[in-house]
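Protein chains: 2
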Amino acid sequence: MMGRKHQLLIDTIQRLLRREAYTNIKRILVKTHPADVAVLLTHFDDDRRRFLFDQLEDVDSRSEAVAEMNHQLAAEFLGEMDVGEVVRLLLNMESDDAADIIGSLPDELSKEVLSRFDKTDSDEVGDLLRYREDTAGGIMNPDFIALLETTTAQEAIEVIRQNREVDMAFYLYVVNEHEQLVGVLSLRKLVLVSPDTILKDIMEPNVVSVRTETDQEEVSRLVARYDLLAIPVTDGNNILVGIVTVDDVIDVIKEEATEDMLKMAGAGDVLVNTDSVSGSAKARFPWLLVGFLGELVGVALITPFLGQLQTHHLLALFMPIIMAMGGNVGTQSATIIVRGLATGHVNREMVFPLFWREFRVALVLGLTYGTLIGGVSFYLSDYSIHYALAVSISMTLAMLIAVTVGTLLPIILERLRIDPAVSTGPFVTSAVDVLGLLTYFLVSGALLNTL
Amino acid sequence: MMGRKHQLLIDTIQRLLRREAYTNIKRILVKTHPADVAVLLTHFDDDRRRFLFDQLEDVDSRSEAVAEMNHQLAAEFLGEMDVGEVVRLLLNMESDDAADIIGSLPDELSKEVLSRFDKTDSDEVGDLLRYREDTAGGIMNPDFIALLETTTAQEAIEVIRQNREVDMAFYLYVVNEHEQLVGVLSLRKLVLVSPDTILKDIMEPNVVSVRTETDQEEVSRLVARYDLLAIPVTDGNNILVGIVTVDDVIDVIKEEATEDMLKMAGAGDVLVNTDSVSGSAKARFPWLLVGFLGELVGVALITPFLGQLQTHHLLALFMPIIMAMGGNVGTQSATIIVRGLATGHVNREMVFPLFWREFRVALVLGLTYGTLIGGVSFYLSDYSIHYALAVSISMTLAMLIAVTVGTLLPIILERLRIDPAVSTGPFVTSAVDVLGLLTYFLVSGALLNTL
Chain A
6 MMGRKHQLLI DTIQRLLRRE AYTNIKRILV KTHPADVAVL LTHFDDDRRR FLFDQLEDVD
66 SRSEAVAEMN HQLAAEFLGE MDVGEVVRLL LNMESDDAAD IIGSLPDELS KEVLSRFDKT
126 DSDEVGDLLR YREDTAGGIM NPDFIALLET TTAQEAIEVI RQNREVDMAF YLYVVNEHEQ
186 LVGVLSLRKL VLVSPDTILK DIMEPNVVSV RTETDQEEVS RLVARYDLLA IPVTDGNNIL
246 VGIVTVDDVI DVIKEEATED MLKMAGAGDV LVNTDSVSGS AKARFPWLLV GFLGELVGVA
306 LITPFLGQLQ THHLLALFMP IIMAMGGNVG TQSATIIVRG LATGHVNREM VFPLFWREFR
366 VALVLGLTYG TLIGGVSFYL SDYSIHYALA VSISMTLAML IAVTVGTLLP IILERLRIDP
426 AVSTGPFVTS AVDVLGLLTY FLVSGALLNT L
Chain B
6 MMGRKHQLLI DTIQRLLRRE AYTNIKRILV KTHPADVAVL LTHFDDDRRR FLFDQLEDVD
66 SRSEAVAEMN HQLAAEFLGE MDVGEVVRLL LNMESDDAAD IIGSLPDELS KEVLSRFDKT
126 DSDEVGDLLR YREDTAGGIM NPDFIALLET TTAQEAIEVI RQNREVDMAF YLYVVNEHEQ
186 LVGVLSLRKL VLVSPDTILK DIMEPNVVSV RTETDQEEVS RLVARYDLLA IPVTDGNNIL
246 VGIVTVDDVI DVIKEEATED MLKMAGAGDV LVNTDSVSGS AKARFPWLLV GFLGELVGVA
306 LITPFLGQLQ THHLLALFMP IIMAMGGNVG TQSATIIVRG LATGHVNREM VFPLFWREFR
366 VALVLGLTYG TLIGGVSFYL SDYSIHYALA VSISMTLAML IAVTVGTLLP IILERLRIDP
426 AVSTGPFVTS AVDVLGLLTY FLVSGALLNT L
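Residue numbers (this note's numbering), protein chains in the order written: chain A, 6 to 456; chain B, 6 to 456.
Please note that a few of the clues may not be correct.
As the list claims (entries may be wrong) - Only pairs whose alpha carbons sit at most 35 Å apart, straight line, appear in this in silico DSBU-like list of lysine-lysine:
#1 K194/B / K194/A
#2 K36/B / K205/A
#3 K194/B / K205/A
#4 K194/A / K36/B
#5 K287/B / K116/B
#6 K205/B / K194/B
#7 K31/B / K205/A
Calculated from the structure, these hints are not laboratory results.
Note that this is a predicted model, so its numbers are computed, not measured.
Okay, chain A solo, but in the shape it has when bound:
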């Protein structure tokens, strides 16, 4: 949800645009934080976005605003400009932002941009583009302050003074003569020691670090677990090549949560989808197919019971509610397990107690709803105790089965090293539907054929 502040800013700009009060717009934009300018730009349509962008006073504020936009949207926006302008804007950014945006540009434009970058910068950005987007290498910032073990505190402060453009220098990394990471030190500690102390004597030699190929999820887990503000990234030879800062970790955590939610619903894994309608349909097709095939198995399994449905046509009436209640309670269990596995609240040893707990919860809920639907079916069947029992027992059993599937399926997938998030959606619901309906026809067959 958008804050009230943003709504106010947008309303103001809209009013000023209508009044063509362009000087006022410029005055507001100068005072607005780049992150808020990015929200503003994202909000307006193409023409007005370009117009507002042109009102930004210099290339610095322009490239800051673009860097703060969602990188896919930024790439789309830059795609409309000429190459020269794109290169100017990208050269002005942090290399990690530039690399991300270049990675999202159309192939031809990104090649053109890289070829126009002057040697140094292109190398740095090119290096970043080599790493997979979802690894430490892909999200790291190659600008950091690294100092030799033999540096004194005073010399270190001088280096910080000379590197004003390096962001977030609250940790200083200490390296040996081979540029290998050997320690870390906070800016605070540096300030508190006497000027001629050498770093080797005050640094912390146990540094939590990651490798360029470490998955970004693991990076975010380490930063969160040890309450770090940044984590150093090393290559295969333990040479320090970049740092991942906590603000990027926050983006990763949000992105991973979004990815999990979308996967649970079988709706792809990226929220801002710049794909065409058919591309989007293609991304969602396979998960729907899983559901479709699962339910087709259901159709095949119910076919033998068509005779039963013809004799006892009232049974059809309760098919939907039995399926739905199973699906709902199964999704509850699966979500609890999937999210628990992702956040580390659930681990292997907890499987049995957790399943047993879910099962008892389902028993309480199943008996409650079984009794309720029993009452309804008793009334609708003109007070047939057989109908009431069949529907009521089936709902209780369907809910127990659903919780069993919803709890165990994600755990089994996790053991098979398949992301359990993919299992809650179509997988769990179709399995639960089919098993629930089968139970319903078997139970009601047994009870009603004794009539």
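Chain B: place on chain A using the hints.
Showing chain B alone in chain A's frame:
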């Protein structure tokens, strides 16, 4: 998922426990980070947890480990100890951690603990307990460094030297003589100016701050948007009362994502549920009731079509698959919208284009799956074109209706200021089920009665 490192640690401790090699266990624990000790403690059962805890060398490492545990689990763990020990452990923690844990203790124990706290600390913790848990006041740390505007850089460094126990002092807050927040300054800037510069001349007077009653979700949004490491918290008179640091913001972001996922599934809003089975069943009951009542409306609406089902009993066969496909595609749309609203990717102005996009995606998917199921029903009905058309058109329409409900329901709820996350689960699925089935019977009635 748990890291390999943790698995290794757990396996090692387990082996050493079996071998009763207690000295080795102690040696390992001394070298283990408190955050990892917490994972270890969480992993074992009550008896072994207590045993391992007793192996920790001093009260510092014990209280650090407890502070790193999930606060609800920590409260449960402390609940087994005697009050004296609990108080000793809590006095050793940061006040925000202590307050959180005390808030989760059983009522009687928490009162006893607070009464035993010595005056100063009890006040600080008591103050924190006054704020709602999900506000800036509830998550802030009341220990921070605040300096008067007239302080010099050299004096400021001296204050930092004297306050070694204050965490995360990378920002210094500047206040006037009434303790009101007037500016902020990074430690880095302080290091780079001449020692006699007064803070007023180098501080940034535009401070992003929050009030004690600000919702934690808004706090995390501001920290993430402006890439802050900490955000100051002020009371109604703009007096600085605490700071929220980025590590707590990370916890909030994870917690809010978990809450949204559980709400989407109607499974309560807290993952680690220390409630009893009946308490857990109670939390999940209302959402299931929404689904139940929705589906009962469905039962009532299908009743008039029972005659139709008796004549064309094959129709019953396709009820489940039409419901399921609608439910699946509707959940996909709802998830995309709900998560988009939560992350700010979706705003009010995007509603119509987004709906139109989802509708076209559903049209592609609906026609595809409609055709597929048409083929299946053509075969199963002994090549009746009427059956095939009825089933196929119904599935396409059901999927279009599902996407419409899934897209618009969360947006309507958001406008009514109801959390849209509650809408994806039982709300969307039961609405989709009922409307889908009704469409099915109306379409097939129209087509088959012309036979």
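Is it true that the CA of K287/B sits at most 35 Å from the CA of K116/B? 27 Å, holds
Please verify whether K194/B and K194/A have alpha carbons no more than 35 Å apart. 15 Å, holds
Would you mind confirming whether the straight-line C-alpha gap from K36/B to K205/A stays at or under 35 Å? 21 Å, holds
Pair hint outcome, K205/B versus K194/B [Cα-Cα no greater than 35 Å]: Given that 35 Å is the threshold and the Cα spacing comes to 13 Å, the pair holds.
Check the hint pairing K31/B with K205/A against an upper bound of 35 Å on the C-alpha distance. Measuring from Cα to Cα gives roughly 29 Å; hence the hint holds.
Can you confirm whether the C-alpha distance between K194/A and K36/B stays at or below 35 Å? Cα-Cα ~22 Å, so holds.
Holds or violated: K194/B and K205/A, Cα atoms, limit 35 Å. Holds, because 24 Å separates the two Cα atoms, which is no more than 35 Å.
Violated hints: none; the structure is consistent with every hint.
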